Amino acid sequence: MNYEKFQKLRDASPFLSLNEAVYKYLFEEIISLNIIPGTKLNETQIAKSFGISRSPIQIAIKQLCEDGLVQKRKGKTPRVTLVKYEECKQLCEMRIGIEGEAAYHAAKRMTQNELEGLRNLVFQFEKCIKSENYSIIPVLDDQIHKAIIDACRNEYIQEAYEVIKNKVLRYRWCSLINGIETQEFVNMQNRHIGIYYALKNHLSDQARKEMIQDCKGMFHAMRYL
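Following the working numbering, the numbering of the sequence shown begins with 351 at its first residue and continues without gaps.
I should point out that these hints are in silico values taken from the structure, not numbers from a laboratory.
Treat the numbers as computed from the prediction; the structure is a model and nothing was measured.
Take the hints with a grain of salt, since some may be wrong.
Only pairs whose alpha carbons sit at most 20 angstroms apart, straight line, appear in this in silico SDA-like list of lysine to any residue [as the list claims (entries may be wrong)]:
| id | residue 1 | residue 2 |
| --- | --- | --- |
| 1 | Lys559 | Glu443 |
| 2 | Lys390 | Met351 |
| 3 | Lys566 | Gln539 |
| 4 | Lys566 | Gln533 |
| 5 | Lys566 | Asn540 |
| 6 | Lys424 | Ser405 |
| 7 | Lys458 | Tyr547 |
Here are the computed distance ranges between Cβ atoms for each label pair [said to hold, decoys possible]:
| id | residue 1 | residue 2 | range |
| --- | --- | --- | --- |
| 8 | Glu466 | Glu505 | 16 to 26 angstroms |
| 9 | Gln440 | Ser403 | 34 to 44 angstroms |
| 10 | Tyr506 | Leu366 | 22 to 32 angstroms |
| 11 | Gln357 | Tyr547 | 40 to 50 angstroms |
| 12 | Glu443 | Gly401 | 42 to 52 angstroms |
| 13 | Gln474 | Lys424 | 40 to 50 angstroms |
| 14 | Tyr506 | Lys550 | 24 to 34 angstroms |
Ideal Cβ positions, reconstructed from N, Cα and C, are used throughout, including at glycine.
Please put together the full structure from these sequences, using the hints given.
What follows is the structure in structure tokens.
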């Protein structure tokens with residue numbers, strides 16, 4: 351564990367409680383694969399590294415277990431959950447259902463401000479590809495999809511997305527770290543543009559179709575796992 355990095359996070363987010371800061375640090379390290387799948391999370395060692403008690407560590411790990419990013423068995427040290435092909439496949443299948451419907455409804459309900467925000471995200475994504483600044487692409491991709499989920503105005507779709515979003519984000523990072531090809535990023539951007547214009551023109555069926563194709567792109571990225 352990196353004490354300096356943890357302290358920097360606390361300095362940047364002074365209003366976070368200690369529990370929240372520990373959770374945020376561990377969450378970001380796991381999602382970005384700085385803490386690799388299968389790693390044991392020894393509460394005593396982490397507490398010692400950060401110079402704090404075990405209680406905030408225990409609370410953070412409990413939340414990470416609820417997120418599905420950490421597994422804790424009775425009498426065993428908590429471990430970061432593994433990255434698995436079958437899980438990725440199932441997440442893709444669920445995304446197709448959830449995000450396809452979200453795009454369908456967002457095409458009818460998205461405001462001009464929301465469309466402008468989405469356009470800016472898509473533009474930032476394109477700039478990252480052109481400048482070969484790939485390190486923030488997983489975060490931007492996540493923000494693009496979250497913007498559409500929010501715009502669908504369906505709380506049940508949004509709740510379903512909440513269940514899988516953290517795991518999906520980790521698989522986005524997996525693709526990046528394991529050498530996804532530049533052309534795949536370009537393909538992602540082209541799909542994002544297609545989704546944006548379908549939403550802008552209120553073409554619900556087309557928006558759903560474009561979103562489904564984008565979700566299926568996750569299948570192609572699985573070959574990098």
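How the hints compare with the structure:
For the hint pairing Lys559 with Glu443, the CA-to-CA distance comes to about 14 angstroms; that is within 20 angstroms, so the pair holds. Between Lys390 and Met351, the direct Cα distance comes to roughly 12 angstroms. Compliance with the 20 angstroms bound is thereby established for this hinted pair. Between Lys566 and Gln539 the CA atoms are separated by roughly 14 angstroms; this keeps the pair inside 20 angstroms, and the hint holds. Taking the CA atoms of Lys566 and Gln533, the gap is near 16 angstroms; set against the 20 angstroms cutoff, the hint holds.
A hinted pair counts as satisfied when its Cα atoms are at most 20 angstroms apart, and Lys566 with Asn540 qualifies at roughly 14 angstroms. A threshold of 20 angstroms between alpha carbons decides the hint, and for Lys424 with Ser405 the separation of about 18 angstroms falls inside it, so the pair holds. About 13 angstroms separates the Cα atoms of Lys458 and Tyr547, which keeps this hinted pair within 20 angstroms; it holds. The hinted window of 16 to 26 angstroms between Glu466 and Glu505 holds, with their beta carbons roughly 24 angstroms apart.
Distance hint for Gln440 and Ser403: a CB-CB separation of about 38 angstroms, consistent with the stated range 34 to 44 angstroms. At about 30 angstroms, the beta-carbon gap between Tyr506 and Leu366 stays in the expected band of 22 to 32 angstroms. The beta-carbon spacing between Gln357 and Tyr547, approximately 45 angstroms, falls within the hinted interval of 40 to 50 angstroms. The given range of 42 to 52 angstroms is respected by Glu443 and Gly401, whose C-beta atoms sit roughly 44 angstroms from each other.
For Gln474 and Lys424, the hinted distance range of 40 to 50 angstroms is satisfied, since their beta carbons lie about 45 angstroms from each other. Tyr506 and Lys550 have their C-beta atoms about 25 angstroms apart, which keeps the hinted 24 to 34 angstroms range intact.
Checked against the numbered hints above, the structure violates none of them.
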